[in-house]
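> One letter stands for each residue in the lines below.
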Amino acid sequence: MSDREQTGRGIGRLVGRAESVLRDTLLAQGAGVVGAVGRPAERLLWPVAERYNRRLGERFGEVTGLQLLLLVVAFGGLVTAPLWGQDYLRPLTLGAVWAVFAMGWDIQSGYTGYISFGHSALSGAAGYTTGLLVLHLNPGLSLFVTVPLSILVTTVLGLAIAVPSLRLRGPYFSLVTFVTVLLFYRLTKALSEWTNGLRGIRVDVFTYDLTLQYYMVVVSMLAVAATLTYVGRSDVGTVLVAIRENEDAVSAAGLDPTKFKLWSFVLSAVPMGIGGVLLAHVNAGVDPQTFVIVDNSIQMIAMAVIGGMSSILGPLGGAFLFVGLRDVFLVGLGEELRWLALWLLVLLVLVFARDGLFRLLWRALGALGGDRR
Amino acid sequence: MLGDIASVIVDGALISAVYALIAIGFTMVFGVGGVLNLAHGALIMAGAYTYLSLVSDSILASVTLHPIVAFPLTIVIVGLISYGLYVVLVRTIEENVVITFLATIVVAIAFTELVTLVFHAQPYQYSVVPGVLQVQALGTRILYVELAAFVASWGAMGLLWYYVTKTDSGRSIRATSMSERGAMLTGVDVSGVRARTWLVAGGLAGIAGVFLGGIGAAEPTMWLEPLALAFIIVVVGGIGSIKGSVAAAYIVGYLQTATGQFLGQSVRGIMSLVVLVVVLLVLPQGLYGTEFVHE
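Respectively, the protein sequence lines represent chains S and A. The first sequence begins at 4 in the numbering used here and counts up by one. The second sequence begins at 10 in the numbering used here and counts up by one.
Honestly, the hints are just simulated from the structure, not real lab data. Where hints are given, some of them may not hold.
As the list claims (entries may be wrong) - Covered, in the sense of this in silico footprint (three residues per stretch, anywhere, with C-beta under 8 Å from a C-beta of chain S), are these stretches of chain A:
| id | region |
| --- | --- |
| 1 | 97 to 105 |
| 2 | 109 to 119 |
| 3 | 228 to 240 |
| 4 | 285 to 294 |
To be verified - If we take Cβ atoms under 7 Å as the criterion, some of the chain S residues that face chain A in the derived model are:
| id | residue |
| --- | --- |
| 5 | Leu171 |
| 6 | Lys262 |
| 7 | Glu339 |
| 8 | Ala356 |
Note that beta-carbon positions come from the ideal geometry of N, C-alpha and C, so glycine has one too.
Turn these sequences into a full structure, and let the hints steer you where they fit.
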């Protein structure tokens, strides 16, 4: 073994030891304190959770008392945001839009394991459909026309990408989606008579009332979240996860994996369409830099990874965390350093907590309840 | 018209050699470890910026080397970066294909930001070998840097061929990419082989980076195009096959040069995508490959 390799292994061992020290001392003590508060709280909340489980648990998953508390607090926080966070309405609105993207990515890539680098092409397709309709057809076109059309175009594009590539196994799908984004970006420049190139197309905002706009976006996001959570917990979601774990087993069970993969893409394209329309109206325009570039796809992936892939609500939380860090907490670092810090965080999550931060939190809250079931 | 055709033939032959170099590194790493290294484009970019910093006095004032010294030094440095990437990051997560996949693209994006932070976003022009060769008979002209890229790329491929067919160390790389278990049973240190492959692939990416930056310019987004090209070439040639990569590099290279010349630069990439889709539908295993199967 060469010296360099030994150094590499040495670093690995060092990190491992630091990790175990952290786990044994700090976390153990922390868990003791948290447990002392958490267990009584769990006992107190359990009856409520039990009632929830009986009515909705089958469709949306069972929860423990503390997990339910987390959901309620998060929901309450979102709904009352204009009261406590008037200054943060813009990042919160953007966070909700990106949450739609992250969840849309998750139901396809996170669940089936067919990683797409092309989802920014889908959101771009929705944004550009709205933009082109408004610019070239009729500036006063009603939202009831542009929104469904944009979502339809996104779904068609999604199928156009998915049909040739999803029949194949392994990494081919990712490669095709990656190339698609680059091509889409090129097209926005090549067709600049139509798309105004890098300048983009101006789109009217929904409303100048920021609070109203916030609620429009958040309600859309919650609807997407509820639908996708339901789908993810249904038989379809189970099959999608099974495709990720063992595609042959899915075939052997008499299910056509390609069909389910195509469906997952449709399930994903619709939220991407919704998110694309929302972003176009929130940003008052659509241009390649904020919609199409491959970095945007990677951002969606990053949010899903931070939150926890294949959990829908994890990516939702991940999106708010990511946008919060990006637009509020790390702004002081300056443009490049901020991004560098964000990507390093994603890398750390990938290496040390690949299940995602929010799934860890969820499990920790669940574990506090002890073995009740 | 004749001049156009001649310049397509010459340009295509020259640039395809660099494409082949990029694709070989990418496919070798996949062959031995099943890792699709999406940071491969970032390594190419590292090559361009390392060379730039070494030869130009405007970046690091204290370091100005002659190209003859800077070129091999760049290859070594990028090789070591690639090696470090494997040992520090990829080795700890490589058992999970999806996580590795995502981690390498995050590395690529993070590297873009790092480059922007240090060198800023503007493109840097630098010359590797200055001058233009006029070929009167064909009515076309060749940049010396393209010629140098061609010679260096084929030189590197020749050395690589010698390495993987004639030396034990190289043959163990081929053995591992054919059958990991077989290699292990015959006493090959598979972990060492992987690290060595990353080193070699990094070196090849370094060479490609120096010339791609010299022909175009060094800028923070320059990693995307070569990475997409590497994808397309590797899929057309068959994932994991070196021979396939060289053949496909020439197909894709000629196709790009020809569409660029006759149909306009803006549709250059579209033809490659069409070929990619056709190949995926008709010949999913590529020219010389076996289809990738999850284990």
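> Taking the hints in turn, state whether each one holds.
Okay, the hints, checked on the actual structure:
1. 97 to 105: holds (count 6)
2. 109 to 119: holds (count 8)
3. 228 to 240: holds (count 5)
4. 285 to 294: holds (count 5)
5. Leu171: holds, 5 Å
6. Lys262: With a closest approach of 18 Å, the lysine 262 of chain S hint is violated.
7. Glu339: With a closest approach of 4 Å, the glutamate 339 of chain S hint holds.
8. Ala356: Alanine 356 of chain S check fails; min Cβ-Cβ to chain A is 11 Å, beyond 7 Å.
Checked against the numbered hints given earlier, the structure breaks hints 6 and 8 and satisfies all the rest.
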